[in-house]
Amino acid sequence: MRYAIISAGEGSRIAAEGSVLPKPMIPILGVPMIERLLDIFMRNGADRIAVIVNGENRDVVGLLSSLCGVMPIDLVVKKTPTPMHSLMELAPYLGCGRFCVTTVDTVFYEARFAAMMDEFSVTNYDGMMGVTDFIDDEKPLYVSVDREMGITGFLDSGEGCRYVSAGIYALQADALDILARCIDSGQTRMRYFQRQLLESGMKLRAFDMGEVVDVDHVSDIAKAELIAAKRV
1 MRYAIISAGE GSRIAAEGSV LPKPMIPILG VPMIERLLDI FMRNGADRIA
51 VIVNGENRDV VGLLSSLCGV MPIDLVVKKT PTPMHSLMEL APYLGCGRFC
101 VTTVDTVFYE ARFAAMMDEF SVTNYDGMMG VTDFIDDEKP LYVSVDREMG
151 ITGFLDSGEG CRYVSAGIYA LQADALDILA RCIDSGQTRM RYFQRQLLES
201 GMKLRAFDMG EVVDVDHVSD IAKAELIAAK RV
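Here the sequence shown is numbered in our numbering, starting from 1 and rising by one per residue.
Please note that the accuracy of each hint is not assured.
[To be verified] Taking lysine to any residue and the SDA-like style, the derived pairs with C-alpha atoms no more than 20 Å apart in a straight line are:
id: 1; residue 1: Lys223; residue 2: Val61
id: 2; residue 1: Lys139; residue 2: Arg195
id: 3; residue 1: Lys230; residue 2: Glu211
id: 4; residue 1: Lys139; residue 2: Thr82
id: 5; residue 1: Lys203; residue 2: Gly150
id: 6; residue 1: Lys203; residue 2: Lys230
id: 7; residue 1: Lys79; residue 2: Val61
id: 8; residue 1: Lys79; residue 2: Glu89
id: 9; residue 1: Lys79; residue 2: Arg58
id: 10; residue 1: Lys203; residue 2: Lys223
id: 11; residue 1: Lys223; residue 2: Asp136
id: 12; residue 1: Lys230; residue 2: Leu75
id: 13; residue 1: Lys223; residue 2: Glu17
id: 14; residue 1: Lys203; residue 2: Phe120
Just so you know, the hints here were simulated from the structure itself, not pulled from any lab data.
All chains should be modelled from the sequences, with the hints used to inform the complete structure.
Here it is, written out as structure tokens:
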């Protein structure tokens with residue numbers, strides 16, 4: 001399985017609140033956030049892990065450069081305007097099979113992630129999206145599902161929806177062609193890419209990840225550590 005981490009942002013919100021560390025270096029239970037993700041991916045059968053980081057974050061680049069010697073990391077150092085562009089930069093490293101991508105600030109239950117990857121390895125669906133009913137995002141993307149958790153829509157408003165996107169995407173390589181078309185058409189938000197996956201005929205299944213937190217604010221760190229500490 002190929003994995004990818006998007007970490008090319010500036011982390012301006014959490015820096016404005018007083019964090020002296022770049023977001024990827026913020027410790028979760030004593031481990032830098034980005035290193036925690038790498039460890040989780042390695043425990044879940046990573047063949048290669050593609051990572052894109054903002055070159056202005058020299059501490060992050062230094063950490064990853066040191067880890068390249070002990071982990072199968074493909075490191076891209078580049079500042080991009082959006083996560084969609086970051087994923088496009090990582091596309092050459094994701095092979096021609098299945099891959100999973102998330103952003104660096106997504107903190108989830110490792111056991112639930114492992115269960116999602118196990119299911120993705122045998123599913124007939126074209127992709128699986130991590131979802132959560134723990135709505136803690138400022139602008140959540142709501143996910144509508146059918147009785148079998150098949151995804152029927154990605155919505156800006158939540159009427160009738162239990163779940164929101166958890167920012168964990170497990171997809172077939174064909175999805176990268178759709179991503180390229182989205183960027184060529186001027187779309188810049190991941191939610192438009194997700195909608196285009198459905199409109200292109202891909203069958204997507206939602207996977208309930210339990211509580212998931214995006215670490216956007218200093219106050220999110222404590223929530224993230226509670227999640228990371230649980231073995232569920």
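Against the structure, the hints:
Distance restraint check for Lys223 and Val61: the Cα-Cα separation of roughly 26 Å exceeds the 20 Å cut-off, and the hinted pair is therefore not satisfied. As the CA atoms of Lys139 and Arg195 are separated by approximately 16 Å, the hinted pair is consistent with the 20 Å bound. With a C-alpha separation of about 11 Å, the suggested pair Lys230 and Glu211 falls inside the 20 Å cut-off, and the hint holds. A hinted pair counts as satisfied when its Cα atoms are at most 20 Å apart, and Lys139 with Thr82 qualifies at roughly 16 Å.
Distance restraint check for Lys203 and Gly150: the Cα-Cα separation of roughly 7 Å lies within the 20 Å cut-off, and the hinted pair is therefore satisfied. Simply put, Lys203 and Lys230 have alpha-carbon atoms about 31 Å apart, too far for the 20 Å limit, and the pair is violated. With a C-alpha separation of about 12 Å, the suggested pair Lys79 and Val61 falls inside the 20 Å cut-off, and the hint holds. This hinted pair checks out: Lys79 and Glu89 have alpha carbons roughly 10 Å apart, not beyond 20 Å.
About 12 Å separates the Cα atoms of Lys79 and Arg58, which keeps this hinted pair within 20 Å; it holds. Restraint check for Lys203 and Lys223: not satisfied, since their Cα atoms lie roughly 33 Å apart, outside the 20 Å limit. Proposed proximity of Lys223 and Asp136 is supported: the alpha carbons are some 10 Å apart, at most 20 Å. Restraint check for Lys230 and Leu75: not satisfied, since their Cα atoms lie roughly 30 Å apart, outside the 20 Å limit.
Between the alpha carbons of Lys223 and Glu17 the distance comes to roughly 16 Å, so the proposed pair stays at or under 20 Å and holds. Proposed proximity of Lys203 and Phe120 is supported: the alpha carbons are some 12 Å apart, at most 20 Å.
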